[in-house]
Amino acid sequence: MENITPEQFEELRKLSESALFAANNTWLLNATVLVFMMHLGFAMLEAGFVQPKNIINILFKNTMVICIGLLSYYFIGFGLMYPGDASAGGFFGFAGFGANLPDGYDPLTYAEGKYTYWTEFIFQAMFAATAATIVSGAVAERIKLSAFLGFTIFLVTFSYPITGFWHWGGGWLAKLGFHDLAGCAMIHIVGGTAALVMAVLLGPRVGRYGADGSINVIPENNLPFVAVGVFLLWFGWFGFNGGSVLSADPELVSKVFAVTGLGSAAGAIGALIAAYARFKTYDLTMTLNGILGGLVGITAGADLLSPAQAVFIGFVAGLMVPYVVHMFDLIRVDDPVGATTVHLVGGLWGALAVGIFTEVSFLVQLVGCICVFAFTLVFSFLIGYILQATLGLRVSAEKEKQGL
Amino acid sequence: MENITPEQFEELRKLSESALFAANNTWLLNATVLVFMMHLGFAMLEAGFVQPKNIINILFKNTMVICIGLLSYYFIGFGLMYPGDASAGGFFGFAGFGANLPDGYDPLTYAEGKYTYWTEFIFQAMFAATAATIVSGAVAERIKLSAFLGFTIFLVTFSYPITGFWHWGGGWLAKLGFHDLAGCAMIHIVGGTAALVMAVLLGPRVGRYGADGSINVIPENNLPFVAVGVFLLWFGWFGFNGGSVLSADPELVSKVFAVTGLGSAAGAIGALIAAYARFKTYDLTMTLNGILGGLVGITAGADLLSPAQAVFIGFVAGLMVPYVVHMFDLIRVDDPVGATTVHLVGGLWGALAVGIFTEVSFLVQLVGCICVFAFTLVFSFLIGYILQATLGLRVSAEKEKQGL
Amino acid sequence: MENITPEQFEELRKLSESALFAANNTWLLNATVLVFMMHLGFAMLEAGFVQPKNIINILFKNTMVICIGLLSYYFIGFGLMYPGDASAGGFFGFAGFGANLPDGYDPLTYAEGKYTYWTEFIFQAMFAATAATIVSGAVAERIKLSAFLGFTIFLVTFSYPITGFWHWGGGWLAKLGFHDLAGCAMIHIVGGTAALVMAVLLGPRVGRYGADGSINVIPENNLPFVAVGVFLLWFGWFGFNGGSVLSADPELVSKVFAVTGLGSAAGAIGALIAAYARFKTYDLTMTLNGILGGLVGITAGADLLSPAQAVFIGFVAGLMVPYVVHMFDLIRVDDPVGATTVHLVGGLWGALAVGIFTEVSFLVQLVGCICVFAFTLVFSFLIGYILQATLGLRVSAEKEKQGL
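Protein chains in written order, with this note's numbering: chain B, 11 to 414; chain R, 11 to 414; chain S, 11 to 414.
Hints are computed from structural coordinates only; laboratory data are not their basis.
Small disclaimer: the values here were computed from a predicted structure and weren't measured.
There is no bait here: all hints are sound.
Given that identical chains are not distinguished, each listed pair holds provided it fits within a single copy or across any two copies.
List of simulated lysine to any residue pairs, SDA-like, C-alpha gap at most 25 Å:
1) Lys-63 - Lys-290
2) Lys-409 - Arg-288
3) Lys-63 - Val-227
4) Lys-154 - Val-405
Construct the entire structure; sequences and hints are all you get.
Below you can see the structure in the form of structure tokens.
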């Protein structure tokens, strides 16, 4: 019998590496499809919250957000978020227009056999659009379509990728040791802050707050749509968190799944209890927002947290929901779907929780949150003001009454 | 040229094993996400069947079932279903509270490179909640929310895991050679029996059966919702059956897919024909329930049956649907969505069909079905009586009329 | 230390091959589930377009199409499409009734470790049914249910597999070098042509076209349903295109994903602009059809096109939508959902675009499109006439007014 030659051995190594590469890469593509579904989730959620007269408008906005998001991320955003060597001190960089394969690109070695360039692009592009979708709910029922689309383009093309680069693109936050698995800060604080700014700039819907300080409830149009939206978001979130592991590592991905499932379930229980304490009734809307709160809450640390910690963090996130929603109403921020509560406050809690419950530095997490919040705040105000001064942000009172 | 050293060879073996492990494990996680979607499917199905006044109530119940299911399975159920060595004669065991990694846990060897501990947990947790969801449809429009949630907690935490242990956890049914791939008995007979018991304890909806023996049809509220629900359940069922192979074994999983697709399609044709024979009209509701009947029917043997057998078994399952629905009405069991028909009778047919069409012992299948039925029957009556005596099961006639 | 024996080496090679096989095969099964979801997408899309009185009818048709499609493809279609050696000159062949494993079948070597026989069957069966579903929208609101089901059976069982064999089964078009990744011609021209023929044979809905040449708009019943349908189709299309690679090849599949995402987004922008140019308003329906147009447009060449080309091709496909819809109205082809526009014209554009933008011969693409179109045209007219002469195609004017 002859010996095995090194060539035969190398050939077999290639085969094994290809198999692991295929398993890793398809996991991320499956996750991409799940994250795509979140866009339908957001669309249904928001369509369920708005009044019937505005439902077509909100569906149109959500459809355009994902289309604009994919294209602008392709043309500019991806190059801003992953500039490679073209980075100025870890704060800003640009790899050029269009998604261009790096020189000497080899699929198998590009990311150590975990994913290809195009997988990275399409997975990240689906993420990018979610940040803008968060805004869509908070500004519903009164924003001009052109102003919303303009704001979306700027947010997805410039703001989101720049802060995203700080952490995920290898910028200064990454070097500091900031930890944010699937984007408590990079997605939810970004989207939530932009939502808050635009809701403030727009002012509340007509009739939302009485002159006497009363809060008028504008009831959900369609609770089944809200429920469908939340279930689809939940479905997609397994890909959002599970794909963010950026490989198919069995132990890590499966723990992320368990943590995601348990954190969200605990969020529902938390919100149910808090809403019962406040209103003495079971509240489906609050419970559904509690699920989203729980999901946001465990998004930053789903890879580091234990299931027991996830239950606690999700529970607290859910518990906060009814109170934070009310708090925003007290300061007259009218957010028809509760996006600022779920995403901004939930994202903050989730990012800080990583600093509390794991070995990641709390201070670094805090600094990261503040800087992402501040950058997005300034950027959003700037773009918001410019749009207000040019296109105008808000539809006429008559059109608002009549429906968009 | 030098020879390959045993160390190099071992390293390559590890790489290959990791690749297969990743492929296996991600398959189960994908299946987990599909099974999750079944909960939205059940929610839509039931929301479509109930009267508009009860739609929010049913959505709330379905939302809580999955949340309670995940958490109670984490805290207790998983330890009851997979007690490991802590088993008393194969009938009962408990590994302890909370999902605890076994001593000396190694992800790759835990299940022979097929899945990790956390994959097993989250996949099984999604399953556990489906059993309780089946009940939700049968008791719709008249059960007290607190009584339903109480019953759900007991069913998912204790009853389902105990019978589940008998087969899937390696208990006495497993040792007898009982075969039930994805749970004709372990899920559908359990859920269907509990549904039957609660429907009997509750009694029919007001006005459902006339004093003169007539049956008053309470029409579906929203057939599009029912259709969406069935398609989502169908979608999820590919993961339910395909994931139950517990590995990505290409030949086995793909045959399970073909069998699942063909059995469900044949179920639709069977129900269509039977409903046409009875009512002389095409009946969408019956056809949709025929799909579910076909799916339940091939759930126990999807890995052993041939596609041709699947077509026959699914066809018979569908054919039965209109007759069994009518039979339950004759004995005054009011089940608004037909859950007892689809799940209890369909599950029984499916589990016995394995004993008829394959080499598995028919007697063992029969014994397994009877024991699972009997245990769940007794357990459900016990819990149902206790709840009736304490919280009360049924809302007031006025509240029932008014909507929940 | 001893040397590695050839037996040990072979064993390790088998392990590596199994791992790659599992990764490849599960990718296709995941794609199968995604393609399945397209059937719910079509159902919702069409349910949203028709008038409320016809919604149950359309849901019934879409439910039956997938059931009939799976079964007839199992009994006959698969054997016609993949006849193996039993082919007469590359135009026609039949491997026999029922899906039969070939002699000496070995899962691992059947398709070079890419997929099993049953994976091929179930993936292709899901595809087959989509062709018939396309017809369902175009003939909505006036076709007799029996005539539609009869037509579906003939189309899925005979017409689709025969032309499918020409290319995908290794027939004459394959030998000519025709390229059609996921079926611009084999699915969309087939479905679109059959839809056109049946819409012409049926004539327009009562009241659709005035005697004075006016076109009466019959508004969509439910735009949220249309939006949900398009998002679900979009979701499924990633599996439709990504699975058509027929392996999990990381670079190829990921590029197909990027191309699919970008082409569809560009389609939306194209349709938005064209609709704005025509109607001076943002039109959600046109935008949604633009997404579908973009998806159809990049379906033939998603594996060969660059992302930049995909943006262009999708954009043009979307741009055409409002004009082609209007053109069909001018020639009095009443297609309630725009299926002929999206699928026939979009499919033609997509198949030819491969001949324009890649090294594939334009002439071959043209010949392929013409032959598939001509065959389906003749077949559909033949079946349509026979059904008209026997069952009758159209419901009575009274029943049409009243709803199906």
